[in-house]
Structures are given as structure tokens and as C-alpha cells.
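Use these hints to put chain Z onto chain E, whose structure you have.
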Amino acid sequence: GAGVSQSPSNKVTEKGKDVELRCDPISGHTALYWYRQSLGQGLEFLIYFQGNSAPDKSGLPSDRFSAERTGGSVSTLTIQRTQQEDSAVYLCASSFPGSTGELFFGEGSRLTVL
Amino acid sequence: GDSVTQMEGPVTLSEEAFLTINCTYTATGYPSLFWYVQYPGEGLQLLLKATKADDKGSNKGFEATYRKETTSFHLEKGSVQVSDSAVYFCALRVSSNTGKLIFGQGTTLQVKP
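As they're listed, the protein sequences go chains E and Z.
Everything in the first sequence is counted per the numbering used here, starting at 23 for the first residue and increasing by one.
Everything in the second sequence is counted per the numbering used here, starting at 903 for the first residue and increasing by one.
Only chain E is shown next, with the shape it has when bound in the complex (with noise of 0.2 Å):
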């Protein structure tokens, strides 16, 4: 497709179970975001892929969370052990090499843990 594809578009599930929020980036985009966005809360940082480089996880609010990105373009963020503060929208975004900080954003996978 056109832009950064994000599924599931929405997702309920039971506090302690895991989740798996897939995302698939504009072709040709080597850098790929994670951010949270929660209700008044704006956009948390959780994880950025460049290319080969090691990812920079420090936004990752705990180790129950984890993403991964194979083969360079589609990426896996997963939560384990759901708990209610975990919902919320989460948005995949991408770049081209060289960006000087435009975006490209998905529409978001939102999470609703009851």
C-alpha cells in the first residue's frame, strides 16, 4: 500500500493476556516508530529502528513490552501480560533515509485491556 499499514485497527482483550500490535512501513522507509497515545496524555516514545543499527528502546515503559523488526520492514510490537494502563493507541510511523524529521504516520491499532 500507499503508507504505514497498522493491524489490528482495534483490539480488546482480558488484563494478562499478550498482544501483538503489527505494522508495515511505507516501502523504502529504513527508520520505523513506535508511540503511545493515551487519553490526554499525548505521544509517549516507545521504540526507533534505523536500518541495521541497534534499535533505541529507552521509551519502553517496561519489559513486558518488546517490538522486533524483520528483514528491515515489518515490525512486531508485543505486550505481555496485558494490564488495564496499557490501553491506548498505538501508532507505527516511518521515514526515508535522510528525513529531516517528517513521519509518515499509521492510523494506529487501539488497545482496550478489560
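Think of the hints as simulated: they come from the structure by calculation, not from any bench.
You can trust all of the hints, since none of them are fake.
If you only want the chain Z side, here are some residues facing chain E, beta carbon under 7 Å, derived:
#1 934
#2 1002
#3 1005
#4 1006
#5 1008
Label pairs and their computed distance ranges (CB to CB):
#6 93/E with 943/Z: 27 to 37 Å
#7 919/Z with 120/E: 31 to 41 Å
#8 88/E with 910/Z: 28 to 38 Å
#9 63/E with 947/Z: 18 to 28 Å
#10 916/Z with 92/E: 49 to 59 Å
#11 38/E with 969/Z: 47 to 57 Å
#12 904/Z with 98/E: 21 to 31 Å
#13 956/Z with 39/E: 49 to 59 Å
#14 942/Z with 98/E: 21 to 31 Å
#15 947/Z with 39/E: 30 to 40 Å
#16 36/E with 956/Z: 51 to 61 Å
#17 947/Z with 96/E: 18 to 28 Å
#18 942/Z with 29/E: 15 to 25 Å
#19 100/E with 971/Z: 40 to 50 Å
Yeah, the Cβ is synthetic: ideal placement off N, Cα and C, and Gly gets one too.
Chain Z in isolation, oriented as in the chain E frame:
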């Protein structure tokens, strides 16, 4: 640490009113500054940017000037339209070595006809 603070919303204006959304930042280096916009039902998209002090970014009638002395990047528009109703996010990037952006909490703008 590096951070961005925006004025709290929601901001409600009548059509053709003047808009200002305040944004201030804290950064250890010389950041690039951005405004992103999220229209209802859509993903965030870049509205405008400025990469050094005194630069003015502009797009779609919106403007923002990078003020290093006041560490600010306020968003302005002279005459808003109903179609400008959206959530606006101010953001900074501290280093060109990382593409990571730090965002403010967002300001909701509602324009009434």
C-alpha cells in the same frame, strides 16, 4: 530531559477567528521543531517545520517561528476554517543522528461555523 509543553485545550473558535496555540520546549541541544496535525479519523501528518533559530515554517495558512530566546514555536493562523478542526501536536528532534521526535500532549481545536 528534553520536553515539549503545549497550551491545554480544547480551543473553541468561530470561523475566521485568529488562532494561536502556544508551544514551548526544553532541549539540551539545538532542536528542529515541528507541528503535526491529526484530523478526525486520520493519522498524524506533518503540518510545518523549522530547523534553526528565527526560521519560519508555513503551510496551509499556518505559521510558526522558531524563537530560541523564548524557547517557543507558537502556531498561528489568521483566519481559521471549520476544516481546521483537529488535534495539533508540537514536537522537537534534538539531534540529526536520531529521527526520534518528542511530542507535546496535543491541543484540540474546534472551529464553529
